[in-house]
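> Listed here are the chains, written in short residue letters.
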Amino acid sequence: MNPFNYHKPSSLAAAVALHRDAEDPAYLSGGHTLLPTMTQRLAAPSDLIDLEGLTELTGIAAQGSVLSIGAFTRHAEVAASSEVRGALPALADLAEGVGDAQVRNRGTMGGSLANSDPAADYPAAALALNAVIRTDRREIAADDYFRGLFETALAEDEVITRIDFAVPSRAAYEKFPNPASRYATVGVMVADFRGAVRVGITGAGPCACRAPAFEAALSARLAPASLDDAELPAIDFNSDLHASAEYRAHLVRVMAQRATARIAAGTD
Amino acid sequence: MSAETGIGAAVKRREDLRFITGQGNYTDDLNVPGQAYGVFLRSPYARARINAVDAADALQVEGALAVFTGQDTAADGLGDLPCGWLVKSRDGSDMVSAPHPPLAVSQVNYVGEPYGLVVAESLAAARQAAERVDADFEELTPVVATARAAQASPIHQGLEDNLAYDWELGDEAATDAALSAAVHVTRLDLTNNRLIPNAIEPRAALATFDPTNGEYQLRTTSQNPHLERLVLSAFVQIAPEHKLRVVAPDVGGGFGSKIFVYAEETVVTWAAAKVGRPIKWTAQRSESFLADAHGRDHVTHAELGLDEAGRFTALKVSTTANLGAYLSTFGSSVPTYLYGTLLAGQYKTPNIHVRTHGVYTNTAPVDAYRGAGRPEATFVVERIIEAAARETGRDPAELRRLNMIAPEDFPYQTPVALVYDTGNYQASLDKALRLADYAGFGQRRAASQAAGKRRGIGFSCYIEACGLAPSQLAIQLGAGVGLYESGEIRVNPTGSVTVFTGSHSHGQGHETTFAQVVSDKLGVPFDDVEVVHGDTGRVEFGLGTYGSRSLAVGGSALICASDKIIAKGTRIAAHMMQAEPDSVAFEAGAFISGNQRLTLQEVAFAAYVPADYPPDLEPGLSEKAFYDPENFTYPAGAHIAEVEVDEATGVVQLANFVAVDDFGHVINPMIVDGQVHGGLAQGAGQALLEHGIYDADGQLTTGSYMDYCMPRADDVPDFTVDTTVTPCTHNPLGVKGCGEAGAIGSPAAIINAVTDALGTEDITMPATPEQVWRKLRGL
Amino acid sequence: MNLSLTVNGVEHSLDVPANTLLADLLRSQLRLTGTHVGCDTSQCGACTVHLDGRSVKACTVLAAQTQGRAVTTIEGIGSPDDLHPMQAAFRDCHALQCGFCTPAMILRAIELVESGSALDNRTVREGLEGNICRCTGYHNIVKAVLTAGEAMQEQAR
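In order, the protein sequences belong to chains A, B and C.
The opening position of the first sequence corresponds to residue 49 in this note's numbering, with each subsequent residue numbered one higher.
The opening position of the second sequence corresponds to residue 6 in this note's numbering, with each subsequent residue numbered one higher.
The opening position of the third sequence corresponds to residue 33 in this note's numbering, with each subsequent residue numbered one higher.
Bound conformation, chain A alone (with noise of 0.2 Å):
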């Protein structure tokens, strides 16, 4: 790892500042992408800002229809809580199954969301729920935020504070892991509110999407059988080692019909 200097700002604004100010910053979270870069010479940043301990990141609340999540919340914090648990027990459910335990330990929903890594979990979450990224300096609606394969909306020195979900009647995420990773090889995440149903998926593309005629099918009738002809969403594919364009989109399908076979038989 290439040396590079260290802060801790005690504040949000202070930490923007260090970042306008260095030469090729990086802001740092829980680290489980950036730090690996690092140790393997692939990434070089100048300066790293530390954020946590930031109050403007912190905090699980539950108000109304919103679920209000801190930015620097780690997955397994997520997972544990019960604001979540009773308001969006589909989102803890997907937070428990973030990498492995140790990972969940220090990875932020924030980090997470910020990197838009194709094959994380909670940006299939943040579209399924039609989430409002909050940021030091405005908000984001989810379908606006993620632009391709590790390219978001946000700024070069943009933060995101917190993340605001809407809290549907019923939601449930479906992943198929990467075997060897354990990242998503595809996750998909169906919330319905109130008959209008929302399909997040991660894995499938550059970034995560939403699909249009799932969503459609699923309004209409919330079972599984309404996906079997449902036009998949029309992105290209992402084909590796463990899965093939085809195999993905299949799973696209069925990881969905999945979920909505749980919420349909009212266990989520």
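What the hints contain is simulated information worked out from the structure, not anything from laboratory work.
Check each hint, because a few of them may be wrong.
[What the hints assert, rightly or not] Subject to a maximum C-alpha distance of 25 Å in a straight line, what follows is the list of computed SDA-like cross-link-like pairs (lysine to any residue):
#, chain 1, residue 1, chain 2, residue 2
1, A, Lys56, C, Ala120
2, A, Lys56, C, Val48
3, A, Lys56, C, Ser111
4, B, Lys17, C, Gln99
5, C, Lys175, B, Lys780
6, A, Lys56, C, Asn153
7, B, Lys17, C, Asn153
8, B, Lys780, A, Ser292
9, C, Lys175, B, Gln28
10, B, Lys17, C, Lys175
11, B, Lys780, A, Ala313
12, B, Lys458, A, Val302
13, B, Lys458, B, Asp723
14, A, Lys56, C, Met33
15, A, Lys56, C, Thr104
16, A, Lys56, C, Gln99
17, B, Lys458, A, Pro272
18, B, Lys458, A, Ala273
19, C, Lys175, B, Thr725
20, A, Lys56, C, Asp84
21, B, Lys780, A, Asn226
22, B, Lys17, C, Gln187
23, B, Lys458, A, Asn226
24, B, Lys458, A, Ala309
25, B, Lys780, A, Asn286
26, A, Lys56, C, Thr179
27, A, Lys56, C, Arg101
28, B, Lys458, A, Pro281
29, B, Lys458, C, Glu158
30, C, Lys175, A, Pro272
31, C, Lys175, B, Asp442
32, C, Lys175, B, Pro674
33, A, Lys56, C, Asn34
34, B, Lys458, A, Ala189
35, B, Lys17, C, His44
36, B, Lys780, A, Arg301
[Unchecked claim] Chain B residues, not near chain C, derived (Cβ > 10 Å throughout):
#, residue
37, Glu144
38, Asp215
39, Arg449
40, Ala616
The beta carbon of each residue, even a glycine, is placed where N, CA and C say it ideally should be.
Given the structure of chain A, go ahead and fit chains B and C onto it with the hints provided.
Below, chains B and C alone, put in the same frame as chain A:
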């Protein structure tokens, strides 16, 4: 000896206390004053000419001490890394060995091949300097795929083709004739997937040189430090053996990958003298993926002939084995003598012929990985038998039973050179069928179907040749070293015992089992027996641990040394008791004559303080023995796998696994069960998860745990393991070896279960979800 | 940079470069070599330690991130004369062979039990997802964790 610690007791391991408290001493845990750090320069290309290596900029990095290239090692006369087993082609010619310099000189031949070493004051500086080395490569077209390598243009300059050898065993004409006459012939094309061993401790080396006496010391992750010393001395010619001490401290798993003499420890040792500083090198995992010797990688066509009754009449096997870019230490022997000789399996197949084309490719060298040749042989035999059973409408268990060598047939001469000494294959099959509830399989299959899943069951009745090996036979077949083992027992003046073995433990628990053996044999309390291994400075000689040989060969050496202790002790005791030696018996740690009794402790004291002592006897009570086995040992067993397949996703779940193995006598059943569990998980990994894949450019696409799928805790079930016992007839312990059985038997059983569930033979390892999904859809 | 942290109950004040990983701090500076490094992609889990009681991979935590916190390594869990129940269970159940992954496996297993979730064969296997063992096939590790789980719960009562 006490039932709690003697032979057959599940004694808790004494080595565990240091490991569970973090007090182990693995190579990278060790540090010596003044040590510098080494980082290897590795080829980014599968095949390229090295035009120039410019280190000027690298040496400007603060803390950089030296950069060595292949030119430097060659100029200094450093020898090539040798292959220790000379295989001859069917026409009698010697195998073609491509020169294997420790650092590539003019051409690199696989991604990750070292072509230089950077030494610096710190690891960070070494890495930084390595990045500043400017190497000018000229890319050449690589040869990657196993099946097509022989026909491709030669990867090595000066060689005519990529064929290292064209080897055969067995009577081809008789086999062909029997196949022609067979009532039914089953034909199968099989691939044995390339595996990457992945001991969790990466390889490491810490080398020192003492200019005052010219002595080198190398601490390294080795399964056989004496062989390492022998090769570094006799072949690479770093230093004569008496000036080179190799220590393998705690070693974090090997599975074969740490048998071999690699470039890294070789060059680090050499460089320690050049730089005048101790040098430490520890592989990063990405280096392990690229540069540890890989395993398997066969492409095979096999044909099995059966008569009307279902008896096997002939087996013909043709295999292309990928040897990688160079012949690794034992790479040549794995797809030949450790493979072809096992193709009789547990069966009375009268005609067998095997032909192996060993080919060079621009991939990492391939060598022994847990099982080494025997899993490949088992996969061929057990897959084709399962297919034959299906084709001819026979029960796969019964077809096997019909053809098995019967207990009264031993010793049994196979058509492929080996003589099996003993066994009872029917007994292990019967037990496995019971434990697997074979009778209830139909019901379980129906239950799975009701849940929308397919269920399959598969068998594998494997045999292995272990206890490597009778030296003369091995040398006759091309081995460059003997394969005996040494053991030394020192009864100290106070009666405690220090045991020195040339075998090496890197997880197998020798410090416990070998102490059990000696304590039992000499009647000395278990806690009074200490086992020393892994240090050429303390142990006279040894050939290390691989091929499930430690107990059968190394343990037997200790029995022989113990016998000498007892013999000498008997003479001392007889003198002390004024009795005839013939009248003295040794029982439970005491010499007894009539009503007189002397403990070993008392006799040992007399041996070192020879006040009342036989005049014609040397003082002291220390004996050594070299045990050379007269035959291989033949562990065998029956493995039954049951899988459930999710039709929607193609995911195969290993639902149940039963292994019944015959290892002969068992010294420590707890350790034996653990060895089997571990082998089974590796076999399950091969069958369902693991695959070392190179792309067409020769880049390793499974070069990290992000893509190379290691079995994790939730990938495997609890295993049902049990044993049957037919003692080995030719070693004093009656033991056969248990280290590899799990990995040998299980892949075939699991794939047989998958193919049973899917109703097609056309599944290659690993049976990944996508592959299975495609087969289910006829894609 | 200056760093103050507690390791195995002992307070340390150290001067470390900012790019020091916790794994390197423990192994190279504090010579606590029971924490091992087995990969470079945060997958194998051999470097698992406790940070304020939670298991983390020390190869993916900067030493700087442990400022003011408490780190527990295998050396702080128990000694040969005074084994933690999880250590004892690993030995009793033969849950280790080469021992390289073992310290990390023990630390993760302790956290798993202490988290209070219901333990059975499946949950233990899933709970150990982040720790790769190449020797044991996990069979006896699962047995050890279930055994120690009972002992630890007994102790807690």
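> May I ask which of the numbered hints given earlier this structure violates, with the numbers listed in increasing order?
1, 3, 4, 5, 6, 11, 26, 28, 30, 34 and 35
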